[in-house]
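Colleague: Residues per chain, in single letters:
Protein chains: 2
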Amino acid sequence: MEVRLPRLSRVAVCGGTHGNELSGVYLVRELLRTAPGAEAGGDASVQAVLSNPRATQLCRRYLDTDLNRCFTRAALNGPVSDAAPYEMTRARELDAQLGPKGSERAVDLVCDLHNSTSNMGLCVIAYSDCDWICLHIFRYLQRQMPNIPVRYIHFDLSDEESFSLDSVGKHGFALEIGPQPHGVVRSNIYTAMKEGLQHTLDWVRLFNSGTVFDGGPADVFTMAGHVDYPRDGDTRNITAAIHPHLQDRDFCLLLPEDPVFQTLSGQTLRYKGGEPLYPFFINECAYYEKGVALYLARKRSVTLPTLRVHKEGLPANFVSEKEEE
Amino acid sequence: MEVRLPRLSRVAVCGGTHGNELSGVYLVRELLRTAPGAEAGGDASVQAVLSNPRATQLCRRYLDTDLNRCFTRAALNGPVSDAAPYEMTRARELDAQLGPKGSERAVDLVCDLHNSTSNMGLCVIAYSDCDWICLHIFRYLQRQMPNIPVRYIHFDLSDEESFSLDSVGKHGFALEIGPQPHGVVRSNIYTAMKEGLQHTLDWVRLFNSGTVFDGGPADVFTMAGHVDYPRDGDTRNITAAIHPHLQDRDFCLLLPEDPVFQTLSGQTLRYKGGEPLYPFFINECAYYEKGVALYLARKRSVTLPTLRVHKEGLPANFVSEKEEE
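If you read the protein sequences in the order shown, they are chains A and B. So in the working numbering, spot 41 of the first sequence is number 41, and the numbers just go up one at a time. So in the working numbering, spot 109 of the second sequence is number 434, and the numbers just go up one at a time.
Honestly, the hints are just simulated from the structure, not real lab data. It is possible that some hints are incorrect.
A partial selection of chain A residues facing chain B, derived with a Cβ cut-off under 7 angstroms [unchecked claim]:
1) TYR26
2) THR117
3) PRO181
4) GLY183
5) VAL184
6) VAL185
7) SER187
8) ASN188
9) TYR190
10) ALA241
11) PRO244
12) GLN262
13) ASN283
14) CYS285
Derived Cβ-Cβ restraints for the label pairs, each shown as a range [as the list claims (entries may be wrong)]:
15) A:ASP82 to B:ASP573: 45 to 51 angstroms
16) B:ARG358 to A:ASP82: 41 to 47 angstroms
17) B:VAL405 to A:ALA74: 47 to 53 angstroms
18) A:ASP232 to B:VAL405: 32 to 38 angstroms
19) A:GLY266 to B:ASP573: 26 to 32 angstroms
20) B:PRO601 to A:MET145: 33 to 39 angstroms
21) A:GLU104 to B:ALA408: 51 to 57 angstroms
22) A:ALA74 to B:LEU383: 24 to 30 angstroms
23) A:HIS245 to B:CYS577: 24 to 30 angstroms
24) A:GLU104 to B:ARG595: 51 to 57 angstroms
25) B:THR628 to A:TYR86: 54 to 60 angstroms
Positions of the beta carbon are idealized from the N, C-alpha and C atoms, including for glycine.
All chains, please: the whole structure from these sequences, using the hints.
Modeller: Below you can see the structure in the form of structure tokens.
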């Protein structure tokens, strides 16, 4: 099967959507300083955006509410008051700048840079398991970056429900890299993010200039549920931490009766689910308040079609061998 | 040489002095829940204290100012206004409860629990290189905990200048363990802290009951300076991160011309000091705002005297072989 898709003319690279995820903050600052503009993505324009400047200034995830949960249709289109949280107002600004979400005017691709305290390696996180742009970029990253595990996470939500900044573009994904403590830059993580972004922009350039990307299989981790920490009934404080046998073992299959938590007094609590699943975002700092100790995913193989740009997307004088067949 | 010191009747175990250093927060909560009281330290009373409850509630280092810099003589004894930062007020409360600093009424030992994002292992951090209580506890921890590196850090400051909560006790130290991201509990770090504290209380019990602790050499790292990140002259944003060759290599000797930083554009910056020194607190999250990318220390060997409790500190019916010699 071959699919042809329109060229990607406008790409947005966003960082600091969470103000304490510093690889993305510093990478976007570096992009703004060096103004990559046209050449970075070939003939595509590349726009760097510091998404939450106020939270970045304070080195906090957010001021009033998590910006990266403010991009549902309902949140973007509902009534807005003067007392609205800063991030709600900022989400509308970003939607006006990069969207509007779901419209023809929206940028073609949003790549939103994130860090995690979990041992995530590099993840492409998207809402679709058939967005061939996102999936082909993922496969390209996997091949170009053999020294870091690269995975594709699929949150199966409709365009209506999708809540994150990357959902504003025609295509979009979060580029999530860890482990890195929030409020810290680690060179190895920063460099991996920089390379991941560069390969993404390389892919866009190759795609726009007519390169044919062969189809084939790719593994997709589809979110299937989550597990919260055991908590005290009154205080809601956690009463157990991730078990040392599970810590840092993101994307390693969790089997029934495997250790999941160790209580603060030292007792082991085991996985009581009946189905072996793949844990990820294990012990992510920001998810303590969201009631998530880890997510669980099913792994499936998706078959990517061969992909190339629409002929009308090519330069007028473009001739490729495959095109002439 | 033999030294005899008064028994340690009152011990304070503090956590949450920084509200996002969660091993200490959860360990103190566990102590408060299980009320170790008398038996934990033998006949010494053990008091658990959540030092900064408001910051802990918000999972932040502090609300207004760093509590663990509020215990200088000047800060504790200066005038206080209604507009004083919360932590200044809280510091006086803690000084009244556990001190007053420098007085006979002060508790005998403060053990203040801290976490670091740096690869610190377990450190005893104190203001003296001849506080034999702190140094003997350090040596005891080193022997009892062979699976984690245990080190002694000496900040050479007078009682006047010493700024941290542990300086309120007659003896005191910070028990610093890392790496752990702030806002996260890692089971291995929590367990190491719990064991470190248990061994500390065991040592107090042994000391109080007349055990003779042999003298001998111990390595001490005395703070000799610090290095800030390279920063932009206008924005003060950092322009380089810790070099990947230095990251996580706390307490490994740094030689002239060794890599220290990698700029955000990828350039290596080298150590220009003339003297080989031992770096520690490398890339600690909380020190970005303090202008500290790493501390540097000199390592020296200190000879500990043989230590035992004053005879009048012993139970009336106590007889030991060594006492009878």
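Colleague: All the hints need checking, so say for each whether the structure fits it.
Modeller: Hints, one by one, checked against the model:
A least Cβ separation of about 6 angstroms between TYR26 (chain A) and chain B falls short of the 7 angstroms threshold, and the interface hint therefore holds. For THR117 (chain A), the interface hint holds, since its Cβ comes within 7 angstroms of a Cβ in chain B; the closest pair sits about 5 angstroms apart. For PRO181 (chain A), the suggested interface contact is upheld, since its CB lies about 3 angstroms from the closest CB of chain B, less than 7 angstroms. A cut of 7 angstroms between beta carbons decides the hint on GLY183 (chain A): the least distance to chain B is about 4 angstroms, and the hint holds.
Of the supplied interface hints, the one on VAL184 (chain A) holds, with its beta-carbon coming within about 5 angstroms of a beta-carbon of chain B, less than 7 angstroms. Satisfaction of the interface hint for VAL185 (chain A) is found here, the shortest Cβ-Cβ separation to chain B being roughly 4 angstroms, below the 7 angstroms cut-off. The restraint placing SER187 (chain A) at the interface with chain B holds, with a minimum CB-CB distance near 4 angstroms, inside the 7 angstroms limit. Hint status for ASN188 (chain A): holds, given a least beta-carbon distance of 5 angstroms to chain B, under 7 angstroms.
Using the Cβ-Cβ criterion of 7 angstroms, the hint placing TYR190 (chain A) at the interface with chain B is satisfied: the shortest such distance is roughly 6 angstroms. Because the beta carbon of ALA241 (chain A) sits about 4 angstroms from the nearest beta carbon in chain B, less than 7 angstroms, this interface hint is met. For the restraint placing PRO244 (chain A) at the interface with chain B, the shortest Cβ-Cβ distance is roughly 4 angstroms, inside the 7 angstroms limit, so the hint holds. Interface hint status for GLN262 (chain A): upheld, as the beta-carbon distance to the closest one in chain B is roughly 5 angstroms, under 7 angstroms.
With its C-beta approaching chain B no nearer than about 6 angstroms, ASN283 (chain A) sits inside the 7 angstroms limit, and its interface hint holds. For CYS285 (chain A), the interface hint holds, the least distance from its beta-carbon to any beta-carbon of chain B being 4 angstroms, beneath 7 angstroms. The hinted range of 45 to 51 angstroms is satisfied by ASP82 (chain A) and ASP573 (chain B), whose Cβ atoms lie roughly 48 angstroms apart. Against the hinted window of 41 to 47 angstroms, the Cβ-Cβ separation of ARG358 (chain B) and ASP82 (chain A) comes to about 44 angstroms, which satisfies the hint.
Judged by the Cβ atoms, the range 47 to 53 angstroms given for VAL405 (chain B) and ALA74 (chain A) holds: they are separated by roughly 49 angstroms. Distance hint check: the CB atoms of ASP232 (chain A) and VAL405 (chain B) are about 35 angstroms apart, consistent with the given range 32 to 38 angstroms. Taking the beta carbon of each, GLY266 (chain A) and ASP573 (chain B) are about 27 angstroms apart, inside 26 to 32 angstroms as hinted. Range check, PRO601 (chain B) to MET145 (chain A): Cβ separation about 36 angstroms, and the 33 to 39 angstroms hint holds.
At about 55 angstroms, the CB distance of GLU104 (chain A) to ALA408 (chain B) agrees with the hint of 51 to 57 angstroms. ALA74 (chain A) and LEU383 (chain B) have their C-beta atoms about 28 angstroms apart, which keeps the hinted 24 to 30 angstroms range intact. Taking the beta carbon of each, HIS245 (chain A) and CYS577 (chain B) are about 29 angstroms apart, inside 24 to 30 angstroms as hinted. The hint said 51 to 57 angstroms for the Cβ distance between GLU104 (chain A) and ARG595 (chain B), and at roughly 52 angstroms that hint holds.
A hinted range of 54 to 60 angstroms for the beta carbons of THR628 (chain B) and TYR86 (chain A) is consistent with their spacing of about 59 angstroms.
Every hint from the earlier list agrees with this structure, and none is contradicted.
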